[in-house]
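Novice: If you read the sequences in order, they're chains A and B.
For what it's worth, our numbering labels the leading residue of the first sequence as 371, then goes sequentially.
For what it's worth, our numbering labels the leading residue of the second sequence as 752, then goes sequentially.
Keep in mind that the hints are not guaranteed to be accurate.
Mimicking DSS-like on lysine-lysine, the simulated pairs with C-alpha atoms at most 30 Å apart in a straight line are [what the hints assert, rightly or not]:
id, chain 1, residue 1, chain 2, residue 2
1, B, K770, A, K374
2, B, K792, B, K843
3, A, K513, B, K766
Honestly, the hints are just simulated from the structure, not real lab data.
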Amino acid sequence: MFEKSLWVFHLNSGSCNGCDIEILNIFAPKQDVERFGIRLVGSPRHADAIAFTGPVTRECLPKVIEALRAVPEPKIVLAIGSCACGGGIWYDTYAVIGGVKELYKLLKEEYGIEPPTTVYIPGCPPKPEAIIYAVAMVRGLVKQKQKREVYIEELDEKTEKEVEILFGEAKETRHFVPSIVVKTDGGESNKP
Amino acid sequence: MGRFKLITKAISIGKVTEKYPFAPLEVPEGFRGKPVIDPEKCIGCTSCSNACPPQALKVYDLGNGVRVVHLFIGRCIFCARCQDVCPTGAIKLTKEFELATLSEEDLHQIVELQMVRCEECERPFDTFRHLLYSAKELQPWEREMMLLCPECKSRRVSERLIFARGGGRHV
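Please put together the full structure from these sequences, using the hints given.
Specialist: Dropping the structure here:
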């Protein structure tokens, strides 16, 4: 997608600083992402990508929208951490919007902005290598591994037979529980 | 002379940068990565969704007799509580950490299980696998009312109690 150097603006929207430290880690000598031409820049106007952390608190929502609108097209958002991907542990709190998905809904309803290309990086916090993997995926160096998995159970004869055996046995041995037949005062017999 | 010492030290240590995306990485022992549900073992007992702090694992019933175990990895905080509480060991945290995706759809894992219908009111109330799992723990004569939904079960028990207290005697 992006074949040339990515310049990244780090946008913290109320994160706990776990993910921010992992972002700083990837610029350190051990996981050196500057070998892919990635740099942290100080202004969103210079950036191609946004390293987005945090579940978007209400207090910083206007600033987040301002920063997102300042990034020139074509842009890409790296949603880093569980909070940015789906709200994390604060997904239903009153002070929090709940991740980039809800933010895009707001952007589309209020400002008519189409959601930018987003790379979701789950993890709490994600390993620095997971962020490098996402960046390499954007650059086209590796392929996506994670896929949607759906399993639908189909009833086979074995299950039905097992049900018959287990509960048929129960019906045969019902004499252990005395079946109560009661006569009321009126003389009519009731069978429960 | 300090700078000369620094240069010699840097040369003696050599490169520390990992070759990560081009070479595989070994994660340490006990690393908690992507949670995976084994669909053959899952019985749909909802203990994982009760234990999950951010509700990344949800268990809900569709109306047509299907119970859905829905895992959304985008919200998971990798605490491994589901692994601790699972009675059959169906959910396990692997060492997979390369989870980046371009669409949110790819972060879901869905397991759909068939449900038993009540003998009296035809309402689906429990999965086949959970019923069989719990029935094997019981004695044969204790399984008498297991194919009834909780409402029908309580009604039948209370009917019996009413008849028993009605002052009648065994015939």
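Novice: Does B:K766 sit within 30 Å of A:K513, going by the straight-line distance between their CA atoms?
Specialist: Satisfied, since the Cα-Cα distance of roughly 27 Å is no more than 30 Å.
Novice: Given the hinted pair B:K770 and A:K374, is their alpha-carbon gap at most 30 Å?
Specialist: 20 Å, holds
Novice: Next pair to validate is B:K792 with B:K843; report whether the Cα-Cα distance is within 30 Å.
Specialist: At roughly 11 Å apart (the allowed maximum being 30 Å), B:K843 and B:K792 satisfy the hint.
Hint compliance for this structure: every hint is met.
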